[in-house]
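Q: Chains A and B, in that order, give the protein sequences.
Under the working numbering, the first residue of the first sequence is numbered 16, with each subsequent residue one higher.
Under the working numbering, the first residue of the second sequence is numbered 588, with each subsequent residue one higher.
Source of the hints: derived by calculation from the structure; they are not laboratory data.
All of these numbers come straight from a predicted model, not from anything done at the bench.
A portion of the hints provided could be inaccurate.
Heads up, simulated PhoX-like pairs for lysine-lysine below, C-alpha to C-alpha not over 20 angstroms straight-line [claimed, not checked]: (1) A:Lys588 x B:Lys639; (2) A:Lys89 x A:Lys295; (3) A:Lys557 x A:Lys23; (4) A:Lys458 x A:Lys295; (5) A:Lys23 x A:Lys196; (6) B:Lys639 x A:Lys175.
Here are some, though not all, of the chain B residues that point toward chain A, as calculated from beta-carbon distances under 10 angstroms [stated by the list, open to error]: (7) Val607; (8) Tyr625; (9) Ile642; (10) Leu660; (11) Asp663.
Backbone N, C-alpha and C fix where the C-beta goes; we use that ideal spot for every residue, glycine too.
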Amino acid sequence: MPEKKEYKVIGTRPIRHDGVDKVTGRALYGADFHTAGLLHGRVLRSPHAHARILSIDTSRAEAYPGVKAIVTAKDLPDAADKVADLGEGAVHLKYLCDNILASDKALYKGHAIAAVAATNAHIAEEACALIDVAYEVLPPVLEVRQAMEPAAPLLHETLKTGSLGETAEEPSNVASHLQHKKGDIEAGFAEADVIIEREFVTGTVHQGYIEPHNATALYNPDGQLTVWCSTQGAFTVREQLTEILQYPISKIKVVPMEIGGGFGGKINVYVEPVAALLAKKTGKPVKVLMNRADVFEGTGPTPASFIRVKMGATKDGKLTAAQTHLAFEAGAYPGSPVGAGAMCIFAPYDIANVLIDGYDVVVNKPKSAPYRAPGATNAAFGSETVIDELAKELNIDALEFRIMNGAKEGVKRADGPVFPRIGFIESVEAAKQHPHYTSPNGKKHHGRGVASGFWFNIGLASSVSISVNPDGTINLVEGSTDIGGTRASIAMQAAEVLGIPAESVNPSVVDTNSVGYTAVTGGSRTTFATGYAAYEAAQDVKRQLIARAAKLWEVDEEDVQFADGEFSCINGKEAQLSFHDLSARLGETGGPVVGSAAVNPPGAGGAFATHIVDLEVDEDTGKVQILRYTATQDAGKAIHPSYVEGQIQGGVVQGIGWALNEEYIYNAEGTMTNASFLDYRIPTCLDLPMIDTVIVEVPNPGHPYGVRGVGEVPIVPPPAAIANAIYDAIGIRMTELPMSPDRMLKAMGKI
Amino acid sequence: MPHVAIPSLMRNLTAGREHVTVPGNTVREVIDNLEHRYPGVKARLCEEGRIKPGIAVYIDGILTTREGLRERLDADAEIHFLPAISGGIGE
Numbered sequence: 016m017p018e019k020k021e022y023k024v025i026g027t028r029p030i031r032h033d034g035v036d037k038v039t040g041r042a043l044y045g046a047d048f049h050t051a052g053l054l055h056g057r058v059l060r061s062p063h064a065h066a067r068i069l070s071i072d073t074s075r076a077e078a079y080p081g082v083k084a085i086v087t088a089k090d091l092p093d094a095a096d097k098v099a100d101l102g103e104g105a106v107h108l109k110y111l112c113d114n115i116l117a118s119d120k121a122l123y124k125g126h127a128i129a130a131v132a133a134t135n136a137h138i139a140e141e142a143c144a145l146i147d148v149a150y151e152v153l154p155p156v157l158e159v160r161q162a163m164e165p166a167a168p169l170l171h172e173t174l175k176t177g178s179l180g181e182t183a184e185e186p187s188n189v190a191s192h193l194q195h196k197k198g199d200i201e202a203g204f205a206e207a208d209v210i211i212e213r214e215f216v217t218g219t220v221h222q223g224y225i226e227p228h229n230a231t232a233l234y235n236p237d238g239q240l241t242v243w244c245s246t247q248g249a250f251t252v253r254e255q256l257t258e259i260l261q262y263p264i265s266k267i268k269v270v271p272m273e274i275g276g277g278f279g280g281k282i283n284v285y286v287e288p289v290a291a292l293l294a295k296k297t298g299k300p301v302k303v304l305m306n307r308a309d310v311f312e313g314t315g316p317t318p319a320s321f322i323r324v325k326m327g328a329t330k331d332g333k334l335t336a337a338q339t340h341l342a343f344e345a346g347a348y349p350g351s352p353v354g355a356g357a358m359c360i361f362a363p364y365d366i367a368n369v370l371i372d373g374y375d376v377v378v379n380k381p382k383s384a385p386y387r388a389p390g391a392t393n394a395a396f397g398s399e400t401v402i403d404e405l406a407k408e409l410n411i412d413a414l415e416f417r418i419m420n421g422a423k424e425g426v427k428r429a430d431g432p433v434f435p436r437i438g439f440i441e442s443v444e445a446a447k448q449h450p451h452y453t454s455p456n457g458k459k460h461h462g463r464g465v466a467s468g469f470w471f472n473i474g475l476a477s478s479v480s481i482s483v484n485p486d487g488t489i490n491l492v493e494g495s496t497d498i499g500g501t502r503a504s505i506a507m508q509a510a511e512v513l514g515i516p517a518e519s520v521n522p523s524v525v526d527t528n529s530v531g532y533t534a535v536t537g538g539s540r541t542t543f544a545t546g547y548a549a550y551e552a553a554q555d556v557k558r559q560l561i562a563r564a565a566k567l568w569e570v571d572e573e574d575v576q577f578a579d580g581e582f583s584c585i586n587g588k589e590a591q592l593s594f595h596d597l598s599a600r601l602g603e604t605g606g607p608v609v610g611s612a613a614v615n616p617p618g619a620g621g622a623f624a625t626h627i628v629d630l631e632v633d634e635d636t637g638k639v640q641i642l643r644y645t646a647t648q649d650a651g652k653a654i655h656p657s658y659v660e661g662q663i664q665g666g667v668v669q670g671i672g673w674a675l676n677e678e679y680i681y682n683a684e685g686t687m688t689n690a691s692f693l694d695y696r697i698p699t700c701l702d703l704p705m706i707d708t709v710i711v712e713v714p715n716p717g718h719p720y721g722v723r724g725v726g727e728v729p730i731v732p733p734p735a736a737i738a739n740a741i742y743d744a745i746g747i748r749m750t751e752l753p754m755s756p757d758r759m760l761k762a763m764g765k766i
Numbered sequence: 588m589p590h591v592a593i594p595s596l597m598r599n600l601t602a603g604r605e606h607v608t609v610p611g612n613t614v615r616e617v618i619d620n621l622e623h624r625y626p627g628v629k630a631r632l633c634e635e636g637r638i639k640p641g642i643a644v645y646i647d648g649i650l651t652t653r654e655g656l657r658e659r660l661d662a663d664a665e666i667h668f669l670p671a672i673s674g675g676i677g678e
């Protein structure tokens with residue numbers, strides 16, 4: 016395990032390197048991109064949630080003045096039964112392609128059907144209205160339990176349930192069934208004195224990033240395709256493009272523009288292949304922008320779910336058994352985050368007997384996409400509510416109950432892995448000792464609730480190169496798009512190795528031709544894995560500079576020591592050089608110094624959080640007002656505490672929105688009736704108090720500085736914590752999200 | 588010898604056994620030896636010489652790639668076959 020030690024750079028709060036560009040509006044986002052001869056693309060979307068496409072007639076639109084090209088699924092290569100290997104997972108190519116432009120069926124309202132490139136966006140939009148599509152409208156299925164019924168309308172006539180390599184005989188909307196089993200579930204419940212079983216429903220929720228999706232594509236006459244876009248991972252865009260377009264990966268360059276939020280929603284491609292098809296057909300650069308309705312209706316939300324949780328404990332507070340049924344809506348194509356939900360649901364606890372069943376179910380909604388700890392928030396809403404109910408039933412303090420049963424190093428999760436050193440207990444202890452938790456809480460209709468959460472975090476591949484400048488600064492080149500301040504957190508890890516200030520690092524996020532493969536900014540991996548690569552690249556620089564100093568001093572490399580930014584000779588010779596001074600002498604010692612590293616670190620280390628919320632329920636309006644909120648979280652080692660705090664606060668706010676307001680509201684035909692930010696209500700600063708944060712540091716043994724990813728787990732506890740606080744306030748258990756005023760009034764019997 | 592945790596959904600092939608110890612220096616050898624003892628296991632885990640899409644191999648708690656059949660194993664390695672958790676693209 017890394018030693019707890021004092022650092023010069025790590026743990027400080029320098030101004031982020033991209034800060035000036037962003038606050039002055041000079042940072043370039045995808046919509047800002049312009050080039051000579053640019054055409055504008057617009058996508059025609061299905062008005063039906065479920066329909067067979069009988070024909071598409073583009074002749075009227077093609078004749079419209081200003082229209083340069085129209086594309087449909089026929090312009091995509093034949094996807095047939097191929098499997099696309101996307102580095103991080105495999106997917107049926109037909110599903111991937113059909114989600115870009117529907118071929119035989121429209122599977123959700125907003126499904127892309129065709130696209131137009133024209134001399135301006137208005138003409139493109141008008142031309143879309145001239146495309147004649149004949150549909151055979153089919154009944155939609157919009158809810159996971161209905162979709163699982165044997166008589167439900169089938170989205171895919173050939174989809175059959177897969178169960179770890181085994182495939183069912185009959186077609187079904189259930190794409191897959193997974194199961195994790197530990198111990199003897201029946202014996203575990205037999206041992207329990209108290210058993211609680213509850214059912215929960217969560218709504219469809221969008222990531223709500225501010226910047227809509229965008230892409231500009233250009234084919235050079237030599238066949239080189241360049242795509243400028245807003246993405247969490249330029250390399251994953253390149254992988255998806257090479258599969259969808261069946262085009263050589265070496266001929267595709269993806270340039271990540273600045274990104275105005277993603278939260279998991281900017282990993283899948285949508286308009287990037289469309290822009291490429293239009294660019295190929297016209298021979299011109301083509302830009303495609305989404306509007307907000309496109310984003311809601313045409314990109315992946317996080318799924319609605321139905322969850323049953325049953326847990327048992329002895330009267331002295333020992334959890335003996337936990338069982339769950341998780342049914343997640345994948346949207347139009349398989350691939351919900353039910354697997355992640357299944358991994359996370361009982362992970363905070365050491366329970367001998369566990370049975371987890373998960374179902375990935377297709378419904379007539381947009382294909383789901385990751386959203387900050389995908390699956391874990393849905394799951395924790397169920398498990399953490401039942402944990403609270405058990406603690407109340409047993410008359411044990413809710414946080415003490417968690418400590419009594421908390422997972423620690425050596426505990427085996429139900430899905431198999433054994434925890435290394437983790438900080439769950441420490442996060443709960445920090446909450447228990449916080450003045451918020453010990454403060455009075457007794458006013459009428461005021462309530463306090465707590466909940467915990469887990470996210471496993473991921474590692475994956477990252478590459479970094481560093482070149483040394485003659486003035487003692489370094490240029491750091493990375494492939495991780497910067498969403499939450501990672502230019503700074505990565506630069507700081509290199510700076511710490513080289514003993515230079517963070518301000519002496521010039522970080523650049525570059526395109527796919529300019530740095531080694533780097534996986535997405537997602538899974539809370541970037542500060543961990545790309546930071547690890549920066550650490551290793553800086554070590555490479557350090558080794559080379561030690562050789563240069565040895566050359567200058569005419570000693571062996573073993574006789575050169577480097578500490579705190581100073582090279583010194585340890586063989587008795589009086590010689591010392593700072594990093595700054597040695598950098599100025601590279602020319603006379605052999606030329607430029609460039610260090611690089613490519614890593615794929617396995618030890619991401621799980622993240623745990625525990626939250627406390629105080630709220631007030633208005634019995635007349637049903638509105639829930641958050642009064643105070645405190646979040647504790649194990650960050651391993653906070654490289655830049657301000658950005659850790661920012662991630663925690665951002666995650667909490669999104670979790671509060673998910674808990675209280677946010678959901679896709681569908682009519683019977685499967686049309687989302689609130690596809691704008693006026694009607695899809697995300698919290699603003701006027702709705703919320705300041706979110707207090709407590710950073711707990713239990714170093715991750717899998718990282719040289721002990722880093723754990725921090726971005727995702729803070730969204731996990733809020734819905735359950737708020738539900739538990741509502742119970743504390745009015746004595747009613749809320750089991751459906753969001754806990755919006757109408758649902759609150761119904762639960763209170765007011766309407 | 589490596590220890591294999593048999594997923595609950597495959598225990599119908601192993602007469603309900605949760606853990607099996609089989610010889611093998613690589614994941615491929617372990618699966619071949621599992622197949623020898625419990626016919627049908629290989630078809631559930633592999634296709635076209637690779638781990639099936641949708642299945643993840645963990646060795647000592649660490650996820651390997653779909654090329655994981657080549658992974659070399661310590662004598663006391665613990666192997667889990669789990670449903671793959673995609674990085675966000677889909678399964």
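Q: Each hint: holds or not?
A: Here is what the structure says about each hint:
Our distance criterion of 20 angstroms between C-alpha atoms is broken by Lys588 of chain A and Lys639 of chain B, whose separation comes to about 61 angstroms. With a C-alpha separation of about 14 angstroms, the suggested pair Lys89 of chain A and Lys295 of chain A falls inside the 20 angstroms cut-off, and the hint holds. Note on Lys557 of chain A and Lys23 of chain A: the hinted pairing holds, with a Cα-Cα distance of about 17 angstroms set against a maximum of 20 angstroms. Of the pairs offered as hints, the one joining Lys458 of chain A and Lys295 of chain A is violated, with about 66 angstroms between alpha carbons and a cut-off of 20 angstroms exceeded.
In summary, the hint linking Lys23 of chain A to Lys196 of chain A is not supported, as the alpha carbons are separated by about 46 angstroms, beyond the 20 angstroms threshold. The suggested pairing of Lys639 of chain B with Lys175 of chain A holds, with an alpha-carbon distance near 16 angstroms, which does not exceed 20 angstroms. Evaluation of the Val607 of chain B hint against chain A yields a violated restraint, the C-beta minimum of about 14 angstroms exceeding 10 angstroms. For Tyr625 of chain B, the shortest C-beta to C-beta distance to chain A is roughly 13 angstroms, which exceeds 10 angstroms, and the interface hint is violated.
Checking Ile642 of chain B against chain A by beta carbon gives a least distance of about 6 angstroms; that is within 10 angstroms, so the hint holds. Contact between Leu660 of chain B and chain A, as hinted, is not supported at the beta carbon level, the nearest pair being about 15 angstroms apart and thus beyond 10 angstroms. The interface hint given for Asp663 of chain B is violated, since its Cβ lies 13 angstroms from the closest Cβ of chain A, which is over the 10 angstroms cut-off.
The structure does not agree with the numbered hints 1, 4, 5, 7, 8, 10, 11 stated previously, though it agrees with the rest.
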